Every structure is written in C-alpha cells, then in structure tokens.
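Chemist: Residues per chain, in single letters:
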Amino acid sequence: MHPILKLVSQRVALGLLLLVSSSAMIFGLTEALPGDAAQAVLGQSATPEALENLRREMGLDRPALVRYVEWLGGIVQGDLGTSITNRLDIATSISSRLSNTLFLAFWAAVVSVPLAILLGLLAVRYQNRWPDKAISGVTLATISIPEFLIGYVLVYFIAVQMGWFSPLALINDTMSLGEKLHSIALPVAVLTMVVLAHMMRMTRAAILNVMQSAYIETAELKGLSSFDVIRKHAFPNAIAPIVTVVMLNLAYLVVGVVVVEVVFVYPGMGQFLVDAVVKRDVPVVLACGVIFAAIYISLNLVADIVSILANPRLRHPK
Amino acid sequence: MTEPLLRVRGLKIGATVYPPGEKPRDIEIVHGVDFDLERGKVLGLIGESGAGKSTIGLATMAYGRGGVRITGGEVWVSGRDILKSTLRDVRRLRGGEVTYVSQSAAASFNPAKPIMEQVTEAAISQGKFTRREAEKRAIGLFRKLGLPDPDTIGRRYPHQVSGGQLQRCMTALALCPEPDLVVFDEPTTALDVTTQIDVLAAIKEAIRDTGVAALYITHDLAVVAQVSDEIMVLKMGNMVEYGPTDQIINAPREDYTRALVSVRQIEHPEKAPAGAPVLSCENITARYRGTKFDVLKDVSVQLYPGQTLAVVGESGSGKSTLARVITGLLPPSGGRIVFDGCELTPDLASRPRNDLRELQMIYQMADVAMNPRQTVGTIIGRPLEFYFGLKGDEKKRRIAELLDEIEMGKGFIDRYPAELSGGQKQRVCIARALAAKPKLIICDEVTSALDPLVADGILKLLLNLQKIEDVAYLFITHDLATVRAIADSIAVMYQGRVVRYGTKTEVLSPPFDDYTDLLLSSVPEMKLGWLENVLATRKMESAGN
Amino acid sequence: MFRYMPVSAMIGLTVTGLYFLAAIFAPLIAPYGMAQVVGDVWEPSSSEHLLGTDNIGRDLLTRMIYGGRTTIFIATMATILSFVTGSVLGFLAAVLGGWADQVLSRMVDLLMAIPSLILALVVLAVLPVTVTTLIVVMGLLDATRVFRLARAVAVDINVMDYVEAAKLRGEGRGWIIFREILPNALSPLVAELGLRFIFMVLFISTLSFLGLGVQPPLADWGGIVKENKDGIIYGIGAALYPAIAIATLAISVNLVADWILNRTTSLKGGRG
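Read top to bottom, the protein sequences are chains A, Y and D. Quick note: the first sequence uses this note's numbering, first residue -11, plus one each step. Quick note: the second sequence uses this note's numbering, first residue 2, plus one each step. Quick note: the third sequence uses this note's numbering, first residue 6, plus one each step.
Bound conformation, chain A alone (with noise of 0.2 angstroms):
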C-alpha cells in the first residue's frame, strides 16, 4: 500500500481513539471527583434519603461503566441526554445553538485566515523593518488582552459611545442574513483580532522559515523576480505549515467563542456550556464537552493529515 495512505488511515484511526478516550476521560473527571450530581442538585443540607432517591431516579446507582457505555452508545445515535434543570432534551436544545456557534465561528474564520496569511507575507516581506515590528507590536499586545476586555471596549466605543452596532448580539432564525451579519459583527471582530495575533505569528514563523532555506537562495541566483521566488519556491512548501497554522487556530478559535459569547449575551453552545456549569447541570456540561472536544480533535486531524499529504518524501517514496 502506498505509505501515504497507511499513514494517513493511522492517523485517522489514532484520531477516532483520542475522540473516544476524551469522550471517557469527561465522563471519568464528573465521576471520579467527589460531589455527584445528586449532591450538586439538593445541595450540601440535603438528607441521605433524598440523595438515595434522587440518585436512584437519575440512575446514578449503577456502576459508572455502564451509565458511560449506554451514554456513548446515546450520543452515537443522536440522544444526548436530558438536561438536569429543565428536563429538555439536550440534542434539541443544543441544536440550533450549535448551528449559532458555527455560524459565528465561520465568518470569524473567513475574515481572520485571509488578514492572518497577508499580515504574515507583509511582516516576512519587511522584516525587522517597521511594519514587521509594528505588526509584532500589536499582535504581542493583542495577545496579552483578554478576550473580555478586547469585547467590552468595542462594545463601550462602538456600540455604546457610538452606536454603531448593538452591545447584544441577539440571532434568531426570523432574521435575514444581513441582519444576522450585522448583529454578529462586533462578536466576529473580538474573535477575529483574538484569533488573529496567534495566527499571525505563527504563520510568519513559518513564511520565514521556508524563506530562510537553502533552495531559496539558489532560486534567487537564478535571478528570479522576487515575486517569481515566492510564487514558484516559497509557496509551494509554505502551504502545508499555513494549512497546519490555520487549522491549529480554527481548534483555538472553538475555545475563543466561548468567552465572546457570554460577553455578547449570544445564543450559542458557548453560553449554554457556561451556563450549565453555573448550574451543576452535568448531562448538559458533559454533552457540550463532547461535542467541543469533537471539533477540537478533528481540526488538529486534519492539520496532521495536510501534513503528511504535502510531504514531497511521502508523495513520491524511492
């Protein structure tokens, strides 16, 4: 079999595995601490007995083995459980607050990966010259910004002070995509800056390694233009770390959008996560991990898996 595919269905495989070891290793974290969910429900004065009868009615009698197999076997069918506090349907209630979330997170993605590749080209095309370094400037700054602070300045300039935009960025499916686009605009811009400075220099790290090897030295012998330089040499061997950087980011982008939720009082998972927690609601908290952790596993998978595939070595073996 060709080595490209062998690695590539390894890495899958291995993939699949992690996804089903953290799907256990949340379960395990809820199970092993002391505190359970009955506990979290009735508080610290609760009696023994309504503990007892508590945790028999939610099923906690049974041994955590089990509970985690039929949970696992639940979520592979679409049944996510029942939340605690209000005894919806989890897969129901997550639903449309998970398609909210993506959308966010997408057009977050759309406008930082394209700023990210060009700010990296610039910073490498002037470096340690005075756009690289304010380029750097900013980012280092960004980077040490919570993520709250970032969204409440906007919101205090912006959308207080000027009234540009609406400090809640309320969605529902009514509304047109326009006007979806222009509820989420602050959101997508705290996301985007955040997101930004660590893509930023990551892919400047790697344009300038790739910029720094030998072959383009002799490409620049050959008296290339400098334009020809990138697009023939530069590019070729830069778009699987740029791919990998990205990826890398989307996954960082997924914890980012917790925060700029609640910031935003925005209807998505993130929300619903934190507000879960706040209430010892576990079913919730632990079907919400599961499906982050998913996202956050599979971007990582294929980052690797571009990896592998732009390998010259690997593509064309002796």
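By construction, these hints were calculated from the structure, which means they are not laboratory data. On a predicted model such as this, the values are computed, not experimentally measured, just so you know.
Incomplete in silico selection of chain Y near chain D, CB under 8 angstroms:
| # | residue |
| --- | --- |
| 1 | Thr328 |
| 2 | Leu349 |
| 3 | Arg354 |
| 4 | Tyr364 |
| 5 | Val369 |
| 6 | Ala370 |
| 7 | Met371 |
| 8 | Asn372 |
| 9 | Pro384 |
Ideal Cβ placement from N, Cα and C applies to all residues, glycine included.
With the hints as your guide, set chains Y and D onto chain A.
Modeler: This is chains Y and D only, laid out in the frame that chain A set:
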C-alpha cells in the same frame, strides 16, 4: 589584449554581527581583494574557514548571504561594474551569465519539484532557451556528467537520488543556461572520497567541454590543484598569494602557502607491534536495536600499548559503531572485547569505574562535546575529582599541568567553551581525556571538523602526548592523509567488515584488494595531473578486464 | 547580565515589579477595606475615590488592589505548580525513556486533546469552587504544556556528546540530570515561565469573569469585570479598569520573557 571576463578590484565586504547581550556591530570580512579571470580559465580560491572565499564567490554575483554586504570596490563582469548596476540588470546576470553550485545540493534543491524543472528553470526564465531546447541540453549534461539514466533522471525528485548524483545535477543546473562563469562553492566537500573523485572528474570535463570560466572554492589544496589554472590563497579576508597553479604548488613563496602545501606531512616513525595488546576485539558482530542487518560483521583488530591503530572507512563502513561497541554504548550481538588482559562486559552500566577510567574518548565536534555552561577548569577537573578524588589546590595544580601539556596557559581555567577557537576546544577535550590517565583513547574523527592547519597542530600534539604518556590511540577517520601521518597499524573497513588489516607498511603496499585500491587511489594528491593519471589508470584497468 | 537591556524589557520589568509589590503590600496601601461600602453605586472618579465606586458602592481602587493580590497570588501558585510538575515529569520522561516515557507522553497527549478551558469547565461543574481547587486545576492542566517543552529540551540535550561523555565516565543519573542537563535546560524553561504566568493570569480572569473562578466577596480582576459589566451599556467604564490592569501586567511580563528568550538563543555554546 582582450578584456578579462571577470575583473575584481579592491573588493571589500562587511557584515553585521549580533553578539549575545551586546549591541549589534559592523565588521569587515574581506579587506580589499584584486583578481582577474579570463574566459575559459579556472581560478581556485583556497583558504581556511573565515578566509572569505565563499563570500567573494557570491560577490561576483552581487549577492551577500544573510547580513553580509558589499561595502566597497568594483566587480567588472564582461565590461560592466555589476556593483553599480540596477537590480534588474543584476537579476539578468544571475542565472544567465554567472551561475552557482553550492556546497550542499541536497539543501539547495526544492524538495517539492522534480529535478528537470529546477535544472532548466534559469535557462528558460532568462530567455536563453525554449523549454524543449533546455531539456535537451539538460539531458546532454546529465549524460556528460556520468549520471545514471540520463533520459529519465530528470523526472525524479531530489530526495530520490543520492548525494553525489544530486551534486552532479546541481552542476548540470549551473551549466544549462550556457553561462560565462560558474562559481563552484566547495562542491565535493560533503562527499565521500570515492564519490568525490568521480564528481571532480565530471566537473573538470564539463568545464573543458563547455569552455566556461570557473571560480573553484575549496579548503582542500590537493583538490583545487587538479582543476584550476591559477590559485589565490586567502586568509582572514586578505589575499596571501596569487599565481599559476604550478607555482603555488611547487614553489610557494609565502609561509602560509607553504604550510598549506605541506599539510599532513608529519614525520612519524612506525612502531612495530610489541607485547600484549591493550585492546583486542575478537569477532565483533553488532546491530542496532530494531534493525534487521548487522552493522558490524565479525570484526577483529588489536591495539598495542603506546601505539596508534587507525580505523579507516567511508560513511556507512561501521567505524564509528565500532567505537560505540568498545565503549559499551552498543552491546555486541557476538564476539568479545578484551581490554588489558580482562574481558570487558558488553554493557556500559556494568563496568567497574576503573575500566571506564582507562578507556577515554574524544569526539569530532568539540562544540557539543563540552557542556557550554561549564568552565574549562570544571571540564578538565571533573575526571580528576571523579576518578582520583582530587580537590582544592592539588586539583588546581594538576589542571594547570594538563593545560601546559595541551599548550594552553593557566589563564584558560575560567573561560567558557564558546570563547575558544575550534582548535582550542579540541585541545581541552584532549586534556579532559588525559586527566583520567587512560591506557587507551578513542579518537572519533577528531580532526575532521577542523581547518587543515589547525588539524595538523592537533595531530602533532596527539603524537607528542603519546610519547609522554604512553597512551594508545584508536584513531577513527576517513582521511587517508591523516592515516599516513600518524598510524602504526591500519584497519580498512567497508560495509561493516575489516577488508584489510596490518601494520602501516603492510596495508599501504600493494597488492591491494579492490576496495582499498579504490580508496587509496581516490585520495587527491598535491600533484598536478594526478586526476588525469588516476582516471587513465582506471580506464586502462577496466579496458584490460 | 544587564549590560544591554532593551528599553522594552526595562519597562516590562518595572511594571511587573510594581504590580507584585502592590500585591504583597495590599493591606498597607489600599485606602479602604476590601468589602467596605463607602459610597453610591458607580460614582465617577473623585479625590476620595480615585477610580470611583463599583456596582455596590465599594471603592474601586481598593477592590482593584485586593483583586490584583488575588489574581497574582493564584496565578503565581498555579504557575509554580504547573512548572514544577511539568518539568520534573518531563525530565524524567526524557531521561528514563522507554516505558515510563510512553505512558507519560500518552497521558499528556490525552489531556491536551481537549482545550483547557473546556476541561476546566467540566471539572468545575462538579468540584466546589475554592481558591485551592482553582490553583490545582489550572496548575495541573497547564503542566501538560510545560511537560512537552521540558521533555523536548531534555531529549535535545540528552543526545549531546557532552552528556554521552558524562555517561561514559560513569557519572550517576543525579549528576547527569542536575549538572549536565538542567543548567542548559534552564534558559528556555525560564522564558516559558513568563509565558505560562501570563496564561494563568488570563485564565483565572476568564474563569472569574464567567462566574466560575474566584467567588465574591473575594475579589479578583476577572470577577470585578463581571460585577461591573452591566454598567458598560450605560456608558460606565468601571469594568474596563481591571481589564486594563490584566492587559498591562500581561504585556509587561511578555516583554521580559521576550528579552530572556532573545538572550538565551545565542547564549554560551548556542544552546536555546
């Protein structure tokens, strides 16, 4: 008189250095160099590291690598001062009139594109040939340079061909656009000696057939004597001597040149094996864990007290693996090692401290052989503490003694490795080995990374120390000139086996086995016409078969 | 060592120092008590209240100083925990190799397969939220990153000839780890220390902001932002102050960490 193709006057080159913890500084690397090159002639630029030869070579293309800049002088190519040309004109010069062959072809080829595309790229983009013509030219060059499957090799990717083949491809790349001048930057330095001779012959023939002019940059005077018409000797950015090859090799005027010409001509009376061997390897077979083939096959050699056994071989011969087996880092799968009469346990961990003390090792790269955060005093002092329990003043005294023995003063005790030169670093490593008062020191390519003159100094020191301390050396190397200078007995290794073993005189006198014959005849000698002789002899031999 | 410190690093060092001093001497310099109500809700800044008051009427400057103390304390403790755990395990994995290395590395891979924030949220859903819990959870989760770095650095150094020379001498594991590997591993690790600290400050602030970190009436900067965030809509910028404090601390530490990293990449012998 026709205008020379290349005329360099007062060339000055500078660079910015960034020493750690200090402000960046501007320094001058080349201090005003003049030379001419006629069409169709070859000029050899020779010097040790830091001489500026590569920098000058690249300056003929108006190029500076890294932070290097041309700060003064004139470079006239075909009647134009390229230092004053526009970037566009310079770009037309590069790849069209002047081309470059780098030291490491493996790094200089784009791993993502097939070879043919890269070989023909300059020729096509400079508008000299159409794609069809360029490819035909390329295939012709492949054939001329002796590459296998010249019609199809272009379709392969760089990682699919060997180092020597890739170096030839790079030469084809440089010759494809029909340039006026080719700059060869150490093209054979990274190759094995048996591969080097083939590539060297191919280059020489290609230069002669195409009538191109060439700058041949190298640190190996014997190699440059084979291909160039004139030689310029450089030292620390200054020209030391400049003249026809014949004069430089046979009648050098400057001391520095004389030293370069007489490198490795150390006098050393050969000692005959006497007494019981201090080290005896008997039928050693070994393989690395997880691999399926033996790296060492039935190796048996002996080393006598106070003598030097040189283990010679090219990459892949197993010579370094032998060192790892003897020191216990790689337990052999068969055979035994007898050290000073007792059998050594195969595994490092189980050996008594005294055994470890009597067997010391010196490494090829002195930079990484010393802990950068320890002073010279600590490095040399540790074996004294560890093996002999020396402390305080007594230890200091002994360290000073050792520093004297390696011809460095007491003032070095508090210095760090990064502050030392290449030769000094290696000397400290020698002192560290000597501190243990060993019976045997394994020298693993200890001079291979050093400049030829510095290496000579180290070899002389080692021979001196051998006389004083009566220590035996297992000297691992690929350089036959070194072997001739210092060995008492020699073992030639090829693909894990000892193919020839005996005293120096025995091994170096005919009749030879095929491999030793190949190896010995491939080592460049400081004689004009050596290359032609060897090639002619080989042609005769293969014609006679 | 201070021969050539760029201006940026000097600024960074000064500001960081100031914050730490304020944190240590908080009770001495705060004008009022931490939970003391001294005025009206969200008063603008005045001579009595330099930053105004917060959403219940407490002096904002006092809350900020005490908040800084909490944030810096938690971040420091968590960084120390993460660093010690990660480095020790990382070194052990590199030096012991084999089975121990495999087990530790796989465990870390698993922990890192999920974003730390998500894992932290999951854990905090079932644990009581105390300062100790926060320090332990944050410290252990972040130890994974330190583990990877420490292990990589140690593996790099382990294959150097001078380590092999020490092994050939017969030196014991202790000498090799503490005298050969550690001194050379310190520089890249110390630079990383700064970055981990910043991450901890941001992390605890984020958790508190989400309501899952430090619980009132104990103050920390993230919590103060949460308490005052509703004022933003009305144009009251009280929530911005703690957020700016977080940002300036993080940037300052970043500047110092950058300087250390630049110094060490070409330090004695090129180790970095």
